[in-house]
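Start from the sequences, fold in the hints, and give me the full structure.
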Amino acid sequence: MSGIVAAGVYVPQFRLSSDELDDAWGASHASGVDQKAVPAADEDTLTMAVEAAERALEDAAVERSAIDVVSAATTTPPLEEGDFVARLVRALGLPADVASATATQHTAAGAEALSRGLDADGTALVVTADCPEGEPADADHPFGAGAAAFLLGDDPAVAVEDIGWYSNETPGVRFRERGDRHVDALGITTYERDAVREAVTEAVSSLEIDPGAATAASIHQRDGSFPYRMAGDLPISNEAVAAGTVVDRIGDAGAATVPIGLLSALSGSDDDLSIAAFFGGGTAAAVACRGTLSVPGLGGIDAVEPISYAAYLRERGYVVDGEVSGGGANVSLPNWQGSLAQRYRLVAGSCPDCGGATFPPEGACQECHARVDFEEFEAPRTGTLQAVTVIGQGGAPPEFAELQQRDGAYAAAIVALESDEGTISLPAQVTDVDPESVSVGDTVEATIRRIYTQEGVPRYGVKFSPTE
Amino acid sequence: MRDAYVLGAGQSSFGSFPDETYLSLFDDAFDAAMDSVDTAIDPEIIDEAFLGTLGVGGRQIGLSGPAVTEHVGLHGVPTTRVENACAASGYAFRQAVTAVRSGLVDVALAGGYEVMTDASSDHTRWWLGVSGETEWERTSGTTFAGVYAQMASAHMNEYDTTVEDLSRVAVKNHANGAQNPKAHLGFECSLEDAVSAPSVADPLNLYHCCPTTDGASAVLVASEDVAREHSDTPIRVAGCGASSGRVGLFQRGSLTSVPASTRAGEDAYEAAGIGPSDLDFAEVHDCFAIAELLAYEDLGFCDRGEAGRLLREGVTDPDGELPTNTSGGLKSKGHPIGATGTGQIVEAFDQLRGEAHVQVEDPKYGLTHNVGGSGGGVTVHIFEKEETGGSA
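So the protein sequences, as listed, match chains A and B. For the first sequence, counting from 1, position 187 maps to 1326 in our numbering; every step adds exactly one. For the second sequence, counting from 1, position 279 maps to 533 in our numbering; every step adds exactly one.
Heads up, a few of these hints could be off.
Stretch by stretch, here's where chain A covers chain B in the computed footprint (C-beta under 8 Å, at least three residues) [said to hold, decoys possible]:
no., segment
1, 419-425
2, 603-614
Label-pair restraints from in silico Cβ distances [as the list claims (entries may be wrong)]:
no., chain 1, residue 1, chain 2, residue 2, range
3, A, Gly1477, B, Glu641, 56 to 62 Å
4, A, Cys1493, B, Glu641, 34 to 40 Å
5, B, Glu324, A, Cys1493, 49 to 55 Å
6, B, Gly312, A, Ser1204, 46 to 52 Å
Which chain A residues face chain B? A few, computed with CB under 8 Å, are given here [unchecked claim]:
no., residue
7, Leu1346
8, Gly1465
9, Val1470
10, Ser1478
11, Ala1480
12, Gly1547
13, Tyr1549
14, Leu1565
No lab work stands behind these hints, which were simulated from the structure alone. Virtual Cβ for every residue (Gly too), placed ideally from N, Cα, C.
Put into structure tokens, the structure is as follows:
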């Protein structure tokens, strides 16, 4: 079995505190969750997956072209049926001939995706991303968001020593009806706890390691106290459980919680044994890892950009109707699809005659106006704002009305990306920032976000956010 | 190539007239243009028509030009509808001048029309975005005001232009428009009002943006013979300039100028054999306050970065060296997109004949500057009042 070569984590910046929940509802049904991560209005599991994967790839010695398998896990894909891995492949600039796999349907999907990647012949990218929703009055309270990406291959920093499985039908523990946004649980407390604990205990016990030796354990964490309860029948210390628990700071990020917890544990591990124990849909899976690695993006777990409960309802779209009224932008899907190399990878053209740069690389050269065959290049993903405006609440074009209702005024800028191949300019939104604080001259970096949704199809592309 | 002259020019009232149609508004403009001719002409001498409109609202996407000419009784007259966004009728006028100069026709009608205020706000917002570059600019969430606001941000950053400078455009143009009974927003505003108005697209606020307007305008372009036969004060089209540019601001190389304006201006000056210092007045395309500042610099009224100073020193006030937008401009007179270009020529015609509401003293040369989108298409025209008595 191969192991973890590199990894990345992405957690959205917004945090809703349980105190806010308590104020809003008179009670917080999120035991042991101090605050939870909230995806911004232009984020979803695809954009979080891209961000986590970019972080895993940025420090890795592995070329994108060398990736053989992409395996994704999420219970909340942006479309219940539609492109997910294929969008990841394009957004990340991976080869079109990668084998793809998508695991979904339950919170142990991350284990299935990891298993697929570990079994792969070659290098695998495994991404888990989730942002579950529930009935706002109670089930929703602990639900957070986040993503974790693993690059698996030979010569790993962290060896995966074993995986164990256990399946048993335990209906009603956690489920979502077909066509419903809201994850539910029947709340048969003792039955649910016993079912999960039994499955987790069996899966971990099947590993050919001594669980008592683990210095960290990321155990199915639907709230802050749950992992400790679930480890109760195992010889795993509370300190080890604490080392792998992140739900208290990011909330229950569905299929991504245990992977994020595992990466958090691995980054602090000292070549010791770490355990991940997944549960979902009646299936438990346990993974034994040994080693340590640095994980870009882990700092995001503790980042705090507090939002109010009203802002939470808006950002998540609980109170906004997403219909485009008055007509959307006249950019056909085939045209949009044809520009993905630009929208994701910033592919520009260099003029063989004058050396000027043109974006998008089509038509005559923007510098010398000659009709040439451009030499294509990827513009750098960090640049400078040349011009910026703030589109105030209510002022957006119709296809951006939903974004604006959810996220408020936004900054629209012209960004210069400068490299040896030339400088290109492109218009783009600046996201994850107070728009009033954005100025000409600011340094920004590219991030892939949902641009807008039209005729039911979300469209993704580049936005920029301030550099740290 | 023979000369072309403006024989007559007129406009409907500009404003919000949800009960009017593009046909009824053009009725008013056509009547006003015909009435402005010194010696009454028979409409039958009109050989051809070029009419500009963006077609906001989509009401008659196909063949609105012939619909208009037939409506006003120009039965059977060949009519071409011109679409170049906000420069549609500037280009329609250019076509009419070209037709007359070529000798193909003796009298051509140029004009424009737009109805913008009778649709829902969502529908209107959609239409206001159709002249920005669609695939990238629009999909970055910008609005029309947003693109000009980006230019303003870059200009302010590079040249220390201030919000007060932008606001002086509103103060000046509203003061002028308040004298114009056909202006859409014919009221005055103070500098304080203009500086403190609610933001539309930072750094542009409400007073830095023109209104959406309904209106129509019409200009009769004629050969020298016809002009001298019917006019006591023939107004010669002394110079025509026009140029295209990339539709998207980001594709243009400069964020602090409109290169197509510069090129169109240079061509017009060269054709007229004059320079900016010879102008007695100008009507420039002030759809947003920054656009008027850019026009000053692009058209050579001042050096780069000096436009704010021109406003501060009152150079473009009615009593300044180069009165600009004495009609009220797009800001106060209004901006019925397709009608704006020939609407500017109505003011030039009136000024040169001494009939303007804010009259410049005995002008000889006037300039009109009409911009499509944020600079994808520009026309500049220079008009000359010929000395009567001495010639012909």
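Could you tell me which of the numbered hints above are not met by this structure, giving the numbers in increasing order?
-> As far as the earlier hints go, 1, 2, 4, 7, 11, 12 are violated by this structure, in ascending order.
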